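Asks: Protein chains in written order, with the working numbering: chain A, 2 to 136; chain Y, 2 to 136; chain E, 2 to 136; chain W, 2 to 136.
These aren't lab readings, by the way, just hints derived from the structure by calculation. Note that the coordinates shown come from a computational prediction; the quantities given were computed from them, not determined experimentally. Incorrect hints may appear among the rest.
Stated by the list, open to error - In the DSS-like style, the derived pairs of lysine-lysine whose C-alpha atoms are separated by at most 30 Å in a straight line are:
{"#": "1", "chain 1": "A", "residue 1": "K56", "chain 2": "W", "residue 2": "K56"}
{"#": "2", "chain 1": "W", "residue 1": "K7", "chain 2": "Y", "residue 2": "K56"}
{"#": "3", "chain 1": "W", "residue 1": "K7", "chain 2": "A", "residue 2": "K56"}
{"#": "4", "chain 1": "Y", "residue 1": "K56", "chain 2": "E", "residue 2": "K7"}
{"#": "5", "chain 1": "A", "residue 1": "K56", "chain 2": "E", "residue 2": "K7"}
{"#": "6", "chain 1": "E", "residue 1": "K7", "chain 2": "W", "residue 2": "K56"}
{"#": "7", "chain 1": "W", "residue 1": "K56", "chain 2": "E", "residue 2": "K56"}
{"#": "8", "chain 1": "Y", "residue 1": "K56", "chain 2": "A", "residue 2": "K7"}
{"#": "9", "chain 1": "Y", "residue 1": "K7", "chain 2": "E", "residue 2": "K56"}
{"#": "10", "chain 1": "Y", "residue 1": "K7", "chain 2": "A", "residue 2": "K56"}
{"#": "11", "chain 1": "A", "residue 1": "K7", "chain 2": "W", "residue 2": "K56"}
{"#": "12", "chain 1": "Y", "residue 1": "K56", "chain 2": "E", "residue 2": "K56"}
As the list claims (entries may be wrong) - Quick list of the computed label-pair ranges, beta carbon to beta carbon:
{"#": "13", "chain 1": "A", "residue 1": "Q15", "chain 2": "Y", "residue 2": "A83", "range": "49 to 57 Å"}
{"#": "14", "chain 1": "Y", "residue 1": "A52", "chain 2": "A", "residue 2": "S134", "range": "47 to 55 Å"}
{"#": "15", "chain 1": "Y", "residue 1": "A83", "chain 2": "A", "residue 2": "D109", "range": "32 to 40 Å"}
{"#": "16", "chain 1": "Y", "residue 1": "E53", "chain 2": "A", "residue 2": "S134", "range": "30 to 38 Å"}
{"#": "17", "chain 1": "A", "residue 1": "T110", "chain 2": "Y", "residue 2": "A52", "range": "54 to 62 Å"}
{"#": "18", "chain 1": "Y", "residue 1": "E11", "chain 2": "W", "residue 2": "D102", "range": "46 to 54 Å"}
{"#": "19", "chain 1": "A", "residue 1": "D20", "chain 2": "Y", "residue 2": "R129", "range": "30 to 38 Å"}
Idealized CB from N, CA, C, for every residue including glycine.
Protein chains: 4
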Amino acid sequence: MTATTKPMLETYPQPINLDRAALAGAIDALIACSEACTACADACLSEGMVAELTKCIRTNMDCADICATTARVLSRHTGYDANVSRALLEACMMACAACADECGRHADTHEHCRICATACREAERACRDLLDSMR
Amino acid sequence: MTATTKPMLETYPQPINLDRAALAGAIDALIACSEACTACADACLSEGMVAELTKCIRTNMDCADICATTARVLSRHTGYDANVSRALLEACMMACAACADECGRHADTHEHCRICATACREAERACRDLLDSMR
Amino acid sequence: MTATTKPMLETYPQPINLDRAALAGAIDALIACSEACTACADACLSEGMVAELTKCIRTNMDCADICATTARVLSRHTGYDANVSRALLEACMMACAACADECGRHADTHEHCRICATACREAERACRDLLDSMR
Amino acid sequence: MTATTKPMLETYPQPINLDRAALAGAIDALIACSEACTACADACLSEGMVAELTKCIRTNMDCADICATTARVLSRHTGYDANVSRALLEACMMACAACADECGRHADTHEHCRICATACREAERACRDLLDSMR
Chain A
2 MTATTKPMLE TYPQPINLDR AALAGAIDAL IACSEACTAC ADACLSEGMV
52 AELTKCIRTN MDCADICATT ARVLSRHTGY DANVSRALLE ACMMACAACA
102 DECGRHADTH EHCRICATAC REAERACRDL LDSMR
Chain Y
2 MTATTKPMLE TYPQPINLDR AALAGAIDAL IACSEACTAC ADACLSEGMV
52 AELTKCIRTN MDCADICATT ARVLSRHTGY DANVSRALLE ACMMACAACA
102 DECGRHADTH EHCRICATAC REAERACRDL LDSMR
Chain E
2 MTATTKPMLE TYPQPINLDR AALAGAIDAL IACSEACTAC ADACLSEGMV
52 AELTKCIRTN MDCADICATT ARVLSRHTGY DANVSRALLE ACMMACAACA
102 DECGRHADTH EHCRICATAC REAERACRDL LDSMR
Chain W
2 MTATTKPMLE TYPQPINLDR AALAGAIDAL IACSEACTAC ADACLSEGMV
52 AELTKCIRTN MDCADICATT ARVLSRHTGY DANVSRALLE ACMMACAACA
102 DECGRHADTH EHCRICATAC REAERACRDL LDSMR
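Work out the full structure: start from the sequences and follow the hints.
Replies: Shown next, in the form of structure tokens:
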């Protein structure tokens, strides 16, 4: 867990109408997933069989971008708009699930895909937990 | 319109199962909106009445991040996943509409908010056009 | 040229201690370059000879990220810090030059690399023009 | 420390010509700093005295963007270009130092600025350690 996520949430000067533990969990899982996807895209690029990994690379790049943006939106509480957060969380869960599936297909051959698939599943679950707590 | 968006689409080496004109229109509108929102957040920050513009600044920052990420995802065609694109377009339209509304509230007072609200409406419409063409 | 970059610069409510034409030119060239690099990375990924394009893809991804971030920093004028802008422009020019060189190596074979190399050269030159105007 | 940064580095399929411990340390410090800066910008925005924090907000936004991009570039090893990494690390250290200074000015009044200044100092130091190991 990123050392600063929770302390930063705790020092926000106004009330936050969200479960702070679920929020911190989602932000940290998204950051870790984004980093894993960036690294996995690059590791795939260095594999001899890169031609069989092009869909995986693309899915990794999308998931990295979407998770990074979702983490940023969730880190802002001023002028909070639940509809934007919800719609983005739905899109992000879809990207995480797609990337977990795709990396999962190569998990037996490539350890980086196995680790990345796990990070995607954790991010997907953390987004679902947060979304559930918002209803 | 960005000079390179359409030529890059036309030189993609595989078929693209999307209306290329709608796609180029969406990418360019998203890029322009992202840039306008980044600039509007900063312009709001320099207004004497910044305390009344904090929701506008936050909404601008979200919209800038979400539009930039959506433009990237739409610029990738390898291993295309219609479900991720659709969900992200929905979230992006919601962010654009929210930012257009918020900037619209300050359009009479701040010219940068007026221009930004227009850019958000155009991005929202371009996303809807693309989404319609995908059905 | 993005329709909103110049109008947004003109409506910034405080003085900007930079040549506004050079600034708008740099922001627009960086945005166009970032978009071209994102698209070129993806087009390379779909080429049959992708295994020979892995360095090009990586260089494209770096250049896309660095240009996007530089465009954002240049779009903010509040609390301006010339040292950060200068150091980032230097790094960005290096990334653009590296990507122009690498894409240039494949320009005869791949039209997307040719277009992207041109966008990188234009971004490099626009950054240099801005940097020169800052001295 | 992000749980996946080190395992991902260890499963990269080719040699990495960098000190892996220094590399993982820099990536994790940059990710934590980027997240802290995004949250600090938003917390500043919600303070009653926001008008006195506009330079801090801007510096936070720049530092968040530059650290996120630097972490991504450092997470890629394929087609590595030491010159781009070095120039970007220099720019990033400058952004981290500027943000640490600015947040440091408000550290006695705002706990979020105090935490963020520490994260910026750690990122600056981790970048310097990596840069030193590259020479």
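Asks: Assess, step by step, whether the Cα of Y:K7 is no farther than 30 Å from the Cα of E:K56, and give holds or violated.
Replies: holds (24 Å)
Asks: Would you check the hint for A:K56 and W:K56, treating anything up to 30 Å between C-alpha atoms as holding?
Replies: Cα-Cα ~43 Å, so violated.
Asks: Hinted pair, alpha-carbon criterion (30 Å max): A:K56, E:K7. Please report holds or violated.
Replies: Roughly 38 Å separates the two Cα atoms, so the pair is violated.
Asks: Taking the beta carbons of Y:A52 and A:S134, is their distance inside 47 to 55 Å?
Replies: violated (31 Å)
Asks: Does W:K56 sit within 30 Å of E:K7, going by the straight-line distance between their CA atoms?
Replies: holds (23 Å)
Asks: Quick check on a hinted range of 32 to 40 Å for Y:A83 and A:D109, using CB atoms only.
Replies: violated (28 Å)
Asks: For Y:K56 and E:K7, compute the direct alpha-carbon distance and say whether it is at most 30 Å.
Replies: Judged against 30 Å, a Cα distance of about 24 Å means the pair holds.
Asks: For the range 49 to 57 Å, tell me whether the beta carbons of A:Q15 and Y:A83 fit it or not.
Replies: Violated, since A:Q15 and Y:A83 (Cβ atoms, about 39 Å apart) do not stay within the stated range.
Asks: Is the straight-line distance between the alpha-carbon of W:K7 and that of A:K56 30 Å or less?
Replies: holds (24 Å)
Asks: Hey, A:K7 versus W:K56, does the alpha-carbon distance stay inside 30 Å?
Replies: holds (24 Å)
Asks: Holds or violated: Y:K56 with E:K56, Cα cutoff 30 Å?
Replies: Given pair Y:K56, E:K56 is violated - Cα atoms ~43 Å apart, limit 30 Å.
Asks: Between Y:E11 and W:D102, is the Cβ distance one that fits in 46 to 54 Å?
Replies: Since Y:E11 and W:D102 have Cβ atoms about 48 Å apart, the given range 46 to 54 Å holds.
Hints 1, 2, 5, 7, 12, 13, 14, 15 from the earlier list are contradicted by this structure; the remaining hints agree with it.
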